[in-house]
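Starting from the structure of chain A, add chains B and C where the hints point.
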Amino acid sequence: MYQDEELVFSCPQVVADRPTHYCPGCHHGVAHRLVGELLEEMGLVEKTIMVTAIGCSVFLYNYLLVDAVEAPHGRAPAVATGVKRAKPDKFVFTYQGDGDLASIGMAEIMHCANRGERVSVVFVNNTVYGMTGGQMAPTTLIGQKTTTCPGGRCAEREGMPIKMAEIIASLGGSAYVARTALNNVKNINKTKKCLRKAFEVQTSGLGFGFVEVLSACPTNWKMSAIKANERIANEMIPYFPLGVFKDATADVTGEAAGKGEEGK
Amino acid sequence: MASGDKLFLKGNEAIARGALAAGCQCFFGYPITPQNDIPEYLSKALPDRGGAFVQAESEVAAANMLLGATACGVRAMTSSSSPGISLKQEAISYMAGSELPAIIVNMNRGGPGLGDIGPSQGDYFQSTRGGGHGDYRLLVLAPATCQEAYDLTRESFDLAFQYRNPVMILGDAILGQMKEPVLTAPDRPADPAEARDWSLDGAVGRGPRLLKSLFLQDGALADQNRMLQAKYEAMRAEVRWECFETEDAELVVCAYGTIARIAKSAIRKLRKKGLKVGLFRPITLYPFPSEALAKLVKPGRKFLTVEQNLGQMVEDVRLSLCGLATSEFFSIYPGNLPVPDDFDEPIARALGL
Amino acid sequence: MSLYQDVIIAGFGGQGVLLIGNLLAYAGMNQGLNVTYIPVYGAEMRGGTANCTVVLSEEEIGSPVIHRPLSTIIMNRPSLDKFQSRLVDGGVQIVNTSLVDMDLAEQGRIRSVPVAAGEISDKLGDTRMANMVALGAYIQATGVLPLQAVIDSLVNVISASYKHMIPKNAAAIEAGAKAAQ
Chain A
5 MYQDEELVFS CPQVVADRPT HYCPGCHHGV AHRLVGELLE EMGLVEKTIM VTAIGCSVFL
65 YNYLLVDAVE APHGRAPAVA TGVKRAKPDK FVFTYQGDGD LASIGMAEIM HCANRGERVS
125 VVFVNNTVYG MTGGQMAPTT LIGQKTTTCP GGRCAEREGM PIKMAEIIAS LGGSAYVART
185 ALNNVKNINK TKKCLRKAFE VQTSGLGFGF VEVLSACPTN WKMSAIKANE RIANEMIPYF
245 PLGVFKDATA DVTGEAAGKG EEGK
Chain B
222 MASGDKLFLK GNEAIARGAL AAGCQCFFGY PITPQNDIPE YLSKALPDRG GAFVQAESEV
282 AAANMLLGAT ACGVRAMTSS SSPGISLKQE AISYMAGSEL PAIIVNMNRG GPGLGDIGPS
342 QGDYFQSTRG GGHGDYRLLV LAPATCQEAY DLTRESFDLA FQYRNPVMIL GDAILGQMKE
402 PVLTAPDRPA DPAEARDWSL DGAVGRGPRL LKSLFLQDGA LADQNRMLQA KYEAMRAEVR
462 WECFETEDAE LVVCAYGTIA RIAKSAIRKL RKKGLKVGLF RPITLYPFPS EALAKLVKPG
522 RKFLTVEQNL GQMVEDVRLS LCGLATSEFF SIYPGNLPVP DDFDEPIARA LGL
Chain C
890 MSLYQDVIIA GFGGQGVLLI GNLLAYAGMN QGLNVTYIPV YGAEMRGGTA NCTVVLSEEE
950 IGSPVIHRPL STIIMNRPSL DKFQSRLVDG GVQIVNTSLV DMDLAEQGRI RSVPVAAGEI
1010 SDKLGDTRMA NMVALGAYIQ ATGVLPLQAV IDSLVNVISA SYKHMIPKNA AAIEAGAKAA
1070 Q
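Residue numbers (the numbering used here), protein chains in the order written: chain A, 5 to 268; chain B, 222 to 574; chain C, 890 to 1070.
Just chain A, with the same shape it has in the complex (with noise of 0.2 Å):
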């Protein structure tokens, strides 16, 4: 660096300087980066033990250097649950994808929002199972094909679409609830605003913080990144609207905030 040059960019320390095993165009590695600037940020980092669920984030502690724990498919509230019970002064949060979280840990996920376990939750919704190679998904909307819905998903056959942050508001212990998407710059400093109050909820002992980010799958919605980030706009999010849902630090009802058309 010359003497007169100012540093004023640089990579969060907590965000692992090595490659990410993700595919090109897929929003986790942006997800990532923006959960470790706001660990750094909120001077988190030392107290902070991850769950991490399984999926194509599974590798998750490769690449966020805090202490971590693996979780059993679907169970990370169930694991963190225990975590913050035995350790209340951690901070504790999970980072599931769509087939862990609204399917086979939908019992999980629920219940520990309903408790408002003072745990957050990052729900990344690609409407597909990335890492088993692109099987339907809970979130999969109708009319999209997947390796196991090979004529489009049909709501006859495999119900409707489940929009889990409307659920996940609707439960008394969760204290922080929105759905933010990453396909564009806005929307990803959005993303951060809300997964800063998601784990503010938590630090503040108010409640249970949960934040659905709509992601792109590139590979397993056989497109391009720009054709993905483009699906989000115009696909996911007419189905799974953005907005907060609930938030008890500014008592914003869910009817007020659910149907907002930004960000399309």
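Since the hints were made in silico from the structure, they are not lab data. Glycine included, every Cβ here is placed at the ideal spot set by N, Cα and C. A few of these clues could be false.
[Claimed, not checked] Covered stretches of chain B, going by a simulated chain A footprint (3 or more residues, C-beta under 8 Å): (1) 268 to 282; (2) 293 to 302; (3) 427 to 433.
Structure of chains B and C alone, referenced to chain A:
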């Protein structure tokens, strides 16, 4: 609780109190008969002591909460009965793979399926062969009295942390529901440093720690399994058993847990009739006291294994006898309440009378 | 031979058979004996018959479950039907004649001791103490423990908020013992 008190306790409550005496700080459970006295007792006692009690949404969740708490190096426990233990197997496998010192209590009830709420030893294989997927072992302790239930639970936490391995307390519906006098022992809170070298408490002044059971790199899983195997071998040092009237016995009855104490009643009665019968009772089911049993082999001495299942421990008994002797087997079918009279006929038959 | 006694105590749910089972076991423990107590539990607890088994012994106790008991306390008719034939030859059976016809009780093979537990407890002013009357009769008939040891153990089974009931229960135990003399 002052130590040295003589209390009249249900087996379930003895286990709960034994856990408290060992410094157990967290309990995660889900209701199922016949073990409900354990969560009921701890739901008050743990919060009173500043600990945590959670009634989970399922046994699956309870066992995974246990995984989370033990990853923090905290003394924690779950309890259930057979159908619930089946549900906990997922997390038990992960805890064995991640080397977490969890205590799991199984008050065995009748099966298969929903079975009944009476006593059974049908979960012997499940307990001693791992239970979930993959190769692993639990240290399995099988108390036969309420006192032993208290003492072994109190010790189980030390064993779990010593070996960084899940420990199972295997009782049954009779042990859980019966009451006996129990002499309490002094509380011995956990050594605050016992998990210092591996537990998660935030990476302060050190690199991050990771507790996991996924090993994808070439050779990594093999190394992990080699290390686990060495640990399971080392656990053999913990082998425990009881011999009763075996010195001059022509027939040695092999039984564990409640069935062993009921066998003892039958053996006392038959001894008074002049029959030379003794009892070999494994207290650790894994590691199985093979060497101690093999030492009982004598020319002409016979063995009879009695279990309340269709024949499970008898396989370990026969392996232990190394072909130098064999063991007859008598089954008390789960669903029947075992009583001392049940033993008369099989013992007479095994003696050739 | 060292002291050994086992007993099945049986009646309707609500007659307090588990309470006197506990009381007997506590009294044995307070006398320095080995004791076990096991209730029948689960589905049978609701509305049907309730029973428990108590074993008192100077030796280590093997089985807490007894199929052919040395003694019984029979508080109602279904219990007589269920347990009388199981009683060993020479065994002792306490029969609550307030609810069980004494003509149905065997004499000879076993010793049946009648006690009008209901009427006696009524006279003492509380019909709910029939269980204590029956236990008093049992102690008198078997001599397994000193009566006073049982009375002294009431404090172990009656919760602190009902402490004022202890003298009444003690009187019921004594009345039962007197009736069985």
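- Task: Tell me, in ascending order, the numbers of any earlier hints that this structure violates.
- Result: The structure breaks none of the hints.
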